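Taking the hints into account, I'd like the entire structure generated from these sequences.
Protein chains in written order, with this note's numbering: chain A, 1 to 477; chain B, 1 to 491.
Fair warning: there could be bad hints in the mix.
List time: in silico DSSO-like cross-link candidates among lysine-lysine, alpha-carbon distance up to 30 Å [unchecked claim]:
no., chain 1, residue 1, chain 2, residue 2
1, B, K40, A, K330
2, A, K395, B, K253
3, B, K39, A, K330
4, B, K185, B, K124
5, B, K253, A, K345
6, A, K260, B, K37
7, A, K367, B, K37
8, A, K260, B, K40
9, B, K76, A, K471
10, B, K81, A, K471
11, A, K330, A, K345
12, B, K81, A, K260
13, A, K330, B, K37
14, B, K39, B, K124
15, B, K294, B, K438
16, A, K260, B, K76
17, A, K395, B, K405
Since the hints were made in silico from the structure, they are not lab data. Nothing here was measured: the structure is a model prediction, and the numbers come from that model.
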Amino acid sequence: MNIRLDNLTVNFDDRFQLDEINWQLDDSQHWVITGANGAGKSALAAILAGAGESVAGSITGLPAKVGLVSFEAQAELIERERKKDDADIMDVIAEGTPVHEILHEGSRNPALIQQLVSMFKLEPLLERAFRKLSTGESRKVMLIRALASEPELLVLDEPFDGLDAHTLEMLQQYLHGLVETVPMVLVLNRFDEFPDFITHIAYVDQARLQHQIDCNDQQAYNDLYQLLHLKTTDLQVPAADPDTAIPKLDPTQPLVQLNKINITYDGQRIIDSLDWTIQPNQHWQLSGPNGSGKTGLLSLITGDHPQCYVNDIFVFGFQRGNGESIWQIKQFIGYVSTALQWEYKVGTGLRNVIISGFYDSIGLYTKATDRQKKIADEWLALLGMTDRADTPFNKLSYGDQRLLLIARAMVKHPPLLILDEPCLGLDDMNRQLVLALIEKICAGSETSVLYVNHHAEDKINGIDNYLTLEKRESNNH
Amino acid sequence: MSNNYFNTLPLREQLEQLGKCRFMSIEEFSDGVEALKGKKMVVIGCGAQGLAQGMNLRDSGCDVSYALREAAIAEKRQSWKNATENGFVVGTYEELIPTADVVLNLTPDKQHTPVVNAVMPLMKEGACLSYSHGFNIVEEGMKIREDLTVIMVAPKCPGSEVRNEYVRGFGVPTLIAVHEDNDPKGEGLALAKAYAAGTGGHKAGVLMSSFIAEVKSDLMGEQTILCGMLQTGSLLCFDKMVEEGIDPGYASKLIQYGWETVTEALKYGGVTNMLDRLSNPAKIKAFDLSEELKQIMRPLYNKHQDDIIDGTFSRTMMEDWANDDKNLLGWRAETAETAFEKTPAGDVEISEQEYFDNGILMVAMVKAGVELAFETMTAAGIIADSAYYESLHETPLIANTIARKKLYEMNATISDTAEYGCYLYNHACLPLLADFMKDIKTDVIGKGLELDDTGVDNARLIEVNAALRAHPVEAIGSVLRGHMADMKKIV
Ligand SMILES: NC(=O)c1ccc[n+]([C@@H]2O[C@H](COP(=O)([O-])OP(=O)(O)OC[C@H]3O[C@@H](n4cnc5c(N)ncnc54)[C@H](OP(=O)(O)O)[C@@H]3O)[C@@H](O)[C@H]2O)c1
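If you want it as structure tokens, here you go:
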């Protein structure tokens, strides 16, 4: 068997369309298809059993005998049975097709059926009408039908759902026994359900096959785990720490007000007479090409730019340059950037990196309270990094570091969260991870997000104010 | 000619001043920079310390501006650029000094006498003059107007670290002192504390000391273990490896980055941890070598300390200043011509552990130097805390400069005073270790022990481990490193 999907676009009753799928599966592989609800996992699986209408691209190599178990297939069979009843309604009170008939429909191997029936303890139900079964019972019938059909490819969509513990274990063992003879594609939602014989993972999002991963690639496997975790869990942003609460701001005042700002390097003006006001609860996107002064502008706000002392800057109730300290300013800001990540070349453990966000420090120089540790652990759980609480920060992958720094920035629930090109240098999967986390934050808290990206089109849901900087031609001042 | 202040004091007071040192608790800094609020701070000089301290103080809410000499402003020198590009007000002495409540003298020590003589008449009645090193007061006996308060706030790190650590939300260990002859209003300590807090030093630990203890320990540390030992060790180890047929590129790299790597272990866990990074047989070897080195070098360390205490060192150095730095410049040129300096690090991979395994002698030299400097200082009456900062604590910082650009970079970064002392040490130490080096082979420098059997005698290992841990620099080190909270976690 060697199935090939090339740029395949498949339409499902005009309700749903899977786009431009490129995928190859062969005999030696066992796949899991995973993704968030509504992403198109089941549709992708169903294609392998011939479902949907191909509108572009090609699919080749599909085996003749595919054993498919899915809620859709189950619903279809029940529907068929119901229609039969309707047809018969005139003469007898129909009982519908009994289970044993349904089982023998697709298989010429009665011995195998019998074996499976006894494994699934289905003997008492053999005479019962299929449509009278409970969902769990009819699911077992579907499974037996598929397994007994001696398929060349098994496609099982959420096969473990709703099975009791005993049946689940039995089924898993049985599948293990098939590993050498039948290639399998399972649709599964939870990583902990992935059987260990799985060799590859397909990740579906927004009706596309977004990632294909070889399970031997540990890093990719971890990243995908986290992505799925963020996409599929109902995330609650952990609470702030009441002991290190940020002072209350006057809600009628802007968070940031820059008046006629200039930034000059070597006599060359990068930002010229710019006005910008950020009100509480506004989300902003700042864009502009490299060299347009985005980072400079941000560091005027954070107080990291020495020229903040020669500009008219009002931030968080302070008119800059009047005896305030930068720590009084920084307490209101969560900040993430590539530069911070480079700076943060520390061996501090992950939990402490998050806690350092309470102190705006790089590294932790203060003894953390129990409450802070608890909050940090909640963040780690949210990121799916609980088991790595004491791993040194510099041992993390680049993408994980970024996620962790976002958590560090958010841990104190700052009024302003600045994300300076948070996706820079990240591969596609990590980009999606970071964006998923940011969207959660935008949606669920009192923090204003200032998102910086040099692609104006890379948008985040929930952001509706835009400032775009142009690169200034040199020496026009 | 100047008048050595220390030598004018009676013995009783000399000893009292040398023994002045108290580790302050963070609670003593709860007022932060309050004592400096509303005061105008004017920094003279905008070099390594001047820029870093000024930026930190400003970011802590202090009012900071820079007074530069006229030539620096007119020629738009680096110091002028440093200050203006960072948005500071810059002016001449005449423009700024009369407005200053605190004048921070951050010019090179060698220039202090002319600089202070120029600014003192311009200073406001009752203002404060501060230093980051006490050389001018202690060794040159500079007399400051009686109405002025004189303090010292001395970060125990190069300027770049002073700034970087502040930006991380931390600070560098700092020594403060009040010149008792000049504390007319009794506000010296409050000002010094606020200044230390403004630079972030209070977060990493502040020692309350005296001008005298600071100078005598600072000079001792920098010329012996910190710069002298690393320079001498670099030259000896390199020449030995090349002589034994080791690839010069490899030898150059092993030394250039080796000091940094082995002293990194020192920074985290003291001498004990540095030796614990070696295999058991190598550890015993390093221990034995260092015992031998200590015995050979002890008289040299004593001589350095004696010359520093009685003023001989500063007198000879000032004679060289008066003689257009003939010695200093000559030695500097000589160092640039050494084989180590001229051989670029080879393009070879050396793992972190390999620096230890193949650099047993370097580990032994660091251990011997740190312990000797510490022992000599404390024997001279300097308190252990101070001696720790001036020996062990600063060694990794200096080692970093060698990793950047070898001895050239080290000597460019350190003060002229340190550089002068370093050459003195180097010239005395090279011949002193000549015999010792004759017996050295590549097993302790360059190749490692290459043993098939790494077994050792239990009793001997226990003895060595106990001796390592029992050294007084280890006891004080673990206390002070503990104060630096999670310092161990930052790199
Ligand atoms: N470096 C360290 O690790 C360290 C650590 C602790 C304490 N300290 C102490 O900090 C002080 C400053 O040392 P540093 O290393 O920062 O010095 P530096 O980098 O050499 O800077 C000295 C500054 O003073 C200016 N200057 C030089 N000669 C001058 C003169 N005759 N009159 C006026 N200004 C002059 C220079 O600017 P122009 O030449 O442009 O005028 C330069 O900006 C010293 O007392 C030193 O002992 C240093």
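We went through each hint and held it up to the structure:
A hinted pair counts as satisfied when its Cα atoms are at most 30 Å apart, and B/K40 with A/K330 qualifies at roughly 24 Å. For the hint linking A/K395 to B/K253, the alpha-carbon distance of about 26 Å falls within 30 Å, and the restraint holds. Restraint check for B/K39 and A/K330: satisfied, since their Cα atoms lie roughly 24 Å apart, inside the 30 Å limit. Using a Cα cut-off of 30 Å, the hinted pair B/K185 and B/K124 holds, with the two alpha carbons roughly 14 Å apart.
Between B/K253 and A/K345 the CA atoms are separated by roughly 23 Å; this keeps the pair inside 30 Å, and the hint holds. Of the pairs offered as hints, the one joining A/K260 and B/K37 holds, with about 28 Å between alpha carbons and a cut-off of 30 Å not exceeded. For the given pair, A/K367 sits about 29 Å from B/K37 by alpha-carbon distance, which is consistent with the 30 Å threshold. Using a Cα cut-off of 30 Å, the hinted pair A/K260 and B/K40 holds, with the two alpha carbons roughly 28 Å apart.
Among the hinted pairs, B/K76 with A/K471 is consistent with the structure: their alpha-carbon atoms are about 29 Å apart, no more than 30 Å. Taking the CA atoms of B/K81 and A/K471, the gap is about 25 Å. The hint holds against a cut of 30 Å. Proximity of A/K330 to A/K345 is assessed by CA-CA distance (about 20 Å); at most 30 Å being required, the pair is judged to hold. A threshold of 30 Å between alpha carbons decides the hint, and for B/K81 with A/K260 the separation of about 24 Å falls inside it, so the pair holds.
In summary, the hint linking A/K330 to B/K37 is supported, as the alpha carbons are separated by about 20 Å, within the 30 Å threshold. Proposed proximity of B/K39 and B/K124 is supported: the alpha carbons are some 12 Å apart, at most 30 Å. Proximity of B/K294 to B/K438 is assessed by CA-CA distance (about 17 Å); at most 30 Å being required, the pair is judged to hold. Among the hinted pairs, A/K260 with B/K76 is consistent with the structure: their alpha-carbon atoms are about 28 Å apart, no more than 30 Å.
A threshold of 30 Å between alpha carbons decides the hint, and for A/K395 with B/K405 the separation of about 28 Å falls inside it, so the pair holds.
In the structure shown, no violation is registered for any of the earlier numbered hints.
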